[in-house]
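Protein chains: 2
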Amino acid sequence: MANINEAFLNLEEDYLFSKVIEKMDEYKLKNLNAKIINLGIGDVTLPLAKTVIDAMNKATYEMASKENFKGYGPVQGYDFLIEKILKYEYEKRGVKFNKDEIFIASGTKGDLAGIAELFSTNSIVGIMEPVYPAYRDVNIMLGRKNIIYLKGTEENNFIPQIPKEHIDIIYLCSPNNPTGIVLNKEELTNWVDYAKKNNSVILFDSVYEAFIEDEDIPHSIYEIEGAKEVAIEFRSYSKLAGFTGVRSSFTVIPKKLKVQDFNSEKIELNSVWKRRQSTKFGAAPYITQRGAEAIYSEEGQKEIKENINYYKENARYMLEKLKKAGFTVYGGKNSPYIWLKTPNNMKSWNFFDKLLSEAGVVGTPGIGFGKTGEGYFRLTAFSSKEDTIDAINRITNMSSKE
Amino acid sequence: MANINEAFLNLEEDYLFSKVIEKMDEYKLKNLNAKIINLGIGDVTLPLAKTVIDAMNKATYEMASKENFKGYGPVQGYDFLIEKILKYEYEKRGVKFNKDEIFIASGTKGDLAGIAELFSTNSIVGIMEPVYPAYRDVNIMLGRKNIIYLKGTEENNFIPQIPKEHIDIIYLCSPNNPTGIVLNKEELTNWVDYAKKNNSVILFDSVYEAFIEDEDIPHSIYEIEGAKEVAIEFRSYSKLAGFTGVRSSFTVIPKKLKVQDFNSEKIELNSVWKRRQSTKFGAAPYITQRGAEAIYSEEGQKEIKENINYYKENARYMLEKLKKAGFTVYGGKNSPYIWLKTPNNMKSWNFFDKLLSEAGVVGTPGIGFGKTGEGYFRLTAFSSKEDTIDAINRITNMSSKE
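Chains G and U supply the protein sequences, listed in that same order. Count along the first sequence from 1, add 210, and you get the number used in our numbering. Count along the second sequence from 1, add 210, and you get the number used in our numbering.
Check the hints yourself; a few may be wrong.
Which copy? The list can't say, so a pair holds if one copy fits it or any two copies do.
To be verified - Straight-line alpha carbon distances no greater than 27 Å define the calculated DSS-like cross-link-like pairs of lysine-lysine that follow:
no.	residue 1	residue 2
1	Lys-531	Lys-595
2	Lys-484	Lys-229
3	Lys-280	Lys-533
4	Lys-240	Lys-564
5	Lys-512	Lys-280
6	Lys-309	Lys-595
7	Lys-564	Lys-306
8	Lys-238	Lys-543
9	Lys-280	Lys-245
It is worth saying that the hints were derived from the structure and are not from the lab.
Go ahead and model the full structure; you've got the sequences and the hints to work with.
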């Protein structure tokens, strides 16, 4: 009989955000008139920039004419977008790449899952924790047993320490989801040095880099000397330009990055990924890539920055008010996330239930981001200003009643 | 050191279509004035239907307003599209599904690759051959060693026979890429019966179903009694509505389909896939799903059928002329593909080179579709009428000169 891949049975049954939505829907059914404010799922709410809309409509019209119609696109993406990425995301930070080192995709989720396939099953995986649960889950699906959690706690300011043991694949997320912490130059340099010494590969998720405001915090790991030999970088237009429902992203695999085969021969990961994408990924859509390209125009940059600033102001406000109300909070700067310590060491799902039933506010239980997330709670800055103010009022009123 | 997943090293270096493009580009550089006609890659050339363009532009404008903006979509796709699929793709053929049995995706390629992950590594895989090479490649990437090729040859009219041995996962493609053959009701019934007897799962790729014209050929495997217990079906808007550069598809996983775990417990594959998609797939874009929905309007149906008929007429023309010129040809009916036997048992890459250098026509070497494809050649009906006529003239003139 056809047998299931047993690795899938090692997953926890519910995906975090599905469970949040389920609980929220349940509450809605029971409280038909209640206004729920969702600061849970990290989805944007502001509309797409006008420049993006115009570019996508123009591209759509191109698809209506025989002369301009585009079928299957190049597997790594169209040059027009890759060239903009090289210039605006990297050259302006002093980093040079060739076009074939950039891979356009339809969301970081797919690429993060796909890249994990390229390494041997018995690789030792190190995952910064608390963190986006998909890192862990894709490795479990691949049957990996050696997963080490690089723990971020209050004691180390949620910045995991360089481990003493050997790790093959290291997941770093900065600005971090959910804690909102960022890794500075020194910390990233230490990780790059560790990776070079251990011949490890760093998978660097910097999809929230647009929220960085401190000047000394790197936006890209390639700002660190030597990172091209050890790091893959994941970037997305989801939060940068509100593309969560549009789906566009890119992944950088430098040609210098090599891993070894069983004869200890060195292999360029870039070409293995290209081969994988040719078979498993049908290239990113033309229209979407035109939309992403548009953000690099002067007008586009202005528009997306306005949106980012709007969310940043929400984060600043939340941080200030929650602190004032006596909560212990992290993040909220360089990041759209607020990481809140639950009062009286309450379990994070209990705090979720309390917040929902007493304040009608939805957040994300920290435990969903790994065991070290227990006792914490994530709030996001992606709501409207009005809802954010309303939600924070409700939360602070609730807490003062305790 | 980080080690490569050795399975990736078992792949052939070049992906078929990349190699075709590479050779074509090489020829172009050396023959700057030559007009090459590409009947190689199976990409559409007619523009999108007006109904689709309008729907996508409308959806894009929605993304420009705060009230109508859509962020992350539901992981299985929007109801508005799923409901149309249930009605127009299945109910009209007497097949009933629930909404949660349909999964909207961004191209069949990703789903075909993803579904293969759900089964245990040592599953015995049976792949109809010659066929789209990705089926084989995704299984090699997953480290599968037990791959049986269900051979289609001239002797069996390229219709593989039911095997005597046990197979866990069976790949069927009808209308077949590249041979253009279709499986009729009886043949599909035999496969469903085999799968039931062997507790196998059939992965049924029917992305070319829109080309079926014979009334007794099933468009869906679920037209066969009992198929819901054993089959997953893959469908795409790529060829149906020219979405190759837009990316939209759907996969059907009936709730009745179960596989077993190591305790011989039965597991619904539908929920395992949903769990997988939640983690690895960022949901299909809103705009694209609105585009796909539009084909189910009266006007949309009319428009996409005109396009399909245009390609069908090309196929009919190619079949007739090539036959008349003395070639042995298959397909060309119920299918956009012509499967041509190379003259004098020429190797298929040699015939590729000959056709390119002597006629300036690009096709796809049969060997790219598996060993049984050696000595054959695939031509597609997706070019313009003019180019198709031109190409066939060139080919038939060339052959008569031999």
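Hints, one by one, checked against the model:
1. Within a single copy, Lys-531 and Lys-595 get their C-alpha atoms as close as 14 Å, which meets the 27 Å cut-off; across copies the closest is 68 Å, which misses it.
2. In the homo-oligomer, the alpha carbons of Lys-484 and Lys-229 lie at most 27 Å apart only across protomers (13 Å), although the nearest pairing inside one protomer, at 35 Å, exceeds that limit.
3. Proximity of Lys-280 to Lys-533 under the C-alpha cut-off of 27 Å is found in neither arrangement, the shortest distances being 52 Å within a copy and 32 Å between copies.
4. In the homo-oligomer, the alpha carbons of Lys-240 and Lys-564 lie at most 27 Å apart inside one protomer (15 Å), although the nearest pairing across protomers, at 72 Å, exceeds that limit.
5. In this assembly of identical chains, Lys-512 and Lys-280 lie within 27 Å of each other by CA distance solely across copies; the values are 22 Å between and 29 Å within a copy.
6. Within a single copy, Lys-309 and Lys-595 get their C-alpha atoms no closer than 39 Å, and across copies no closer than 36 Å, so neither meets the 27 Å cut-off.
7. For the homomeric pair Lys-564 and Lys-306, neither the shortest alpha-carbon distance inside one copy (50 Å) nor that between copies (42 Å) is at most 27 Å.
8. Taking CA atoms no more than 27 Å apart as the test, Lys-238 paired with Lys-543 passes in neither setting, with 32 Å inside one copy and 54 Å between copies.
9. For the homomeric pair Lys-280 and Lys-245, the shortest alpha-carbon distance between copies (20 Å) is at most 27 Å, but the shortest distance inside one copy (45 Å) is not.
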